[in-house]
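Engineer: The lines below spell out each chain.
Protein chains: 2
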Amino acid sequence: MTERISSVDTCDVRFPTSRHRDGSDAMNPFPDYSAAYVVLRTTAGAEGHGLVFTVGRGTEIEVAAMRSLAGMVVGLPVEELLADPGALARRMIGDSQIRWLGPEKGVVHMAAGGLVNAVWDLAARRRGKPLWQLLAELTPEQIVAQVDFRYLRDALTEDEALALLRSVSAGRAERERLLLAEGYPAYTTTPGWLGYDDEKLDRLCREAVQDGYDLIKLKVGGNLADDVRRMRIARQAVGPQTRIAVDANQIWGVPDAIAWMRELSEFDPYWIEEPTSPDDVLGHAAVRQALAPIKVATGEHVHNAVMFKQLLQAGAVDVVQIDACRVGGVNENLAILLLAAKFGVPVCPHAGGVGLCELVQHLAMFDFVAVSGTSADRAIEYVDHLHEHFADPVRIRAGRYLAPTAPGMSAQIVDASLAAFRFPDGPEWAAVTAAAAAG
Amino acid sequence: MTERISSVDTCDVRFPTSRHRDGSDAMNPFPDYSAAYVVLRTTAGAEGHGLVFTVGRGTEIEVAAMRSLAGMVVGLPVEELLADPGALARRMIGDSQIRWLGPEKGVVHMAAGGLVNAVWDLAARRRGKPLWQLLAELTPEQIVAQVDFRYLRDALTEDEALALLRSVSAGRAERERLLLAEGYPAYTTTPGWLGYDDEKLDRLCREAVQDGYDLIKLKVGGNLADDVRRMRIARQAVGPQTRIAVDANQIWGVPDAIAWMRELSEFDPYWIEEPTSPDDVLGHAAVRQALAPIKVATGEHVHNAVMFKQLLQAGAVDVVQIDACRVGGVNENLAILLLAAKFGVPVCPHAGGVGLCELVQHLAMFDFVAVSGTSADRAIEYVDHLHEHFADPVRIRAGRYLAPTAPGMSAQIVDASLAAFRFPDGPEWAAVTAAAAAG
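Quick note, the sequences are listed as chains H and D, same order. If you're matching positions, the first sequence starts at 244 in this note's numbering and goes up one per residue. If you're matching positions, the second sequence starts at 244 in this note's numbering and goes up one per residue.
Since the hints were derived computationally from the structure, they do not count as laboratory data. Quick caveat, the model's predicted, so the values are computed rather than measured. Where hints are given, some of them may not hold.
As the list makes no split between identical chains, a pair holds if one copy fits it or if it spans any two.
SDA-like mimics (lysine to any residue), calculated; alpha carbons at most 25 Å apart, straight line [stated by the list, open to error]:
#, residue 1, residue 2
1, K538, A678
2, K585, D499
3, K585, P498
4, K538, D327
5, K443, D499
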């Protein structure tokens, strides 16, 4: 009997991170790191796990969107699905009625991405390989066939993508060996949350250098005097060699971004991340032109490949920050990696949150082995929160991600954590919810 | 006792338009025009109605988003709310947790817009005026205070907006008189749906001219030979004087758009609408440059004011097509009207669907009276579907919208229609749903 997808189970899981202001920035003062979590199950008992990272309220909307899309997945024959996840991605993202709610953006697009990622997790488990390795073993033709080029051809054609992939094919085996031996560069945001006091900032900056990081990141944009003081503390703590990136999380308009960053330039910031609205391609280009040589980085809220295409076409970014859970899953991230490689712009993935490190490491490592062919000027963000909830948590040594070796996309949250933090009825929330209801 | 918002009631209402292929285009072969409908009720028994237009599947996600946001509205004191709807708009759109699901785009943004529109409907009912008139009586300072300029100041500052509004203040009374006497120009999309056969296309084109329209619109992008034949039929039917706009509904990439439209240029198309992804500012600019003097129009899927700002900055559009239900409600559309006026680009609103004509006429008429001060080169789209379900349906005479005079934003669907078409349990759907369940 043909193996089919028998169920798509979803879960709203939230971690009360706001209690300690972990993850606090200029636009997210009190995030509760959360996930719309999904498990595909097959008639033969196999599983594929996926998630959409969220920050608390609204996770129920993301779960509702996943449940609406689940009808397009249940019943699919598994072998056919795994042979071409791109076909499902195109069908879900292109659904002629649901696309009105995007198109290719926001709640419905992220839900499709979560499901697509779960399919890739299932595919990698089935093949007994970590996802990065599964992807790195695809031929250039197979990779290109997984990408929807409809809106990209003015910047990148199928033929150009093929040529690009073939140009680095020869070194794949050597880079895979290097990756397994040495891992992939990381940078850390652990010291820099806005809600931390000066003593904690200083201590965490020094620890980051001791832990082997040569790039750290600070949140900015709350108050200029505070930012100047915090940048001074951080620069003194890490010394002149360690790079300090700063992240405004979209708090500014274009003129404010330029003016504020000029006040911080004496501390030699490496990049300014999300200086303004993630939709503002031309605004990022203006900020970049005004602030060079400070680099401009964005991506965690850039909602699809068409937006990344324009950021690259307009010369608006020095650093492309892909996110595993923002766009339409692995397939759209393949497109973005190819676009970045075409334009010669390094990819430094956004991570942190819940599971973002676990998922996105596979894409960066695949990029190293099979797309850009280099890790120069590249690093995956690392934040040391919430990894204990994952079945295959990331492993960091001396400022580097070790390559995962377990089969899948590392997306699985352990059952005990799902049970404890399920919202609103898990024991970690039930008391809070009951108290709120009692008023 | 202070009057407060006592409830936010939502409804998933769908009309089975796909049965006759009304509304069919290159990307929407079988739409079921639908709405996520909302009613605010106050402790004193007043009501404000709003809706988010959708095209069938996924309406339940939009309703879920509205229900999640409703908690930010229930309990608010009504007078305070109505004195400054922009404060609620900013709070909902800027919610530090929910904005992760946008920001300012897609399901959550449209849900906020639906609620904001319902607040304005309540405000206009309370004042006993149609919304266009309520808005037109605000001072320039009051209008500017309703707009969030955070991400717009590189293109339009508060001072520039004030100067612009003041520059047309003197003529307000005369334009209001003209509007009430003569209405506002309309154009019709009724003849041009892709699913209609040649005979119906020809007949509806001739009827449009007889009905007084000097601009009609055809859907294109399904098949080039069909488009050439249909454009020929339409041009012959309407003669050389009536303008024919065409609409590709995002079917093309940039190079395809240019190539395809060159094949249709012999029929003198007035504008090409949605030639490619609505996110592709630079792509629209390239299409416009290649195809001039054919105009480029877009907007029904342009998800916020930051995107409109860039379309204007990049010289990417000749026609700004605001939509009443895509962005964050009346307040964000005020921003877009101001941006368009600053750049001197005419606004021709998108309408049709369910209730879009009813809602957006208020914004175009306000624009005429108080922002751009002109109706030259402007027209509101008109489609003659589904108006019978509205308590205050649009009135069209000789190719013009008559100015509504009933209090509110004309958003109210009559109770009988809500009951009949409620999805999935209304009688118009229950039989279909039961049959589908039975398999």
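Engineer: All the hints need checking, so say for each whether the structure fits it.
Structural biologist: Structure-based check of each hint:
1. Proximity of K538 to A678 under the C-alpha cut-off of 25 Å is found in neither arrangement, the shortest distances being 47 Å within a copy and 59 Å between copies.
2. In this assembly of identical chains, the alpha carbons of K585 and D499 lie at most 25 Å apart only when taken from different copies (21 Å versus 32 Å within one copy).
3. With identical chains, the CA atoms of K585 and P498 are at most 25 Å apart between copies only, with a shortest distance of 18 Å across copies and 30 Å within one.
4. Within a single copy, K538 and D327 get their C-alpha atoms no closer than 37 Å, and across copies no closer than 40 Å, so neither meets the 25 Å cut-off.
5. When the C-alpha separation of K443 and D499 is checked against a cutoff of 25 Å, the pair qualifies neither within a copy, at 28 Å, nor between copies, at 56 Å.
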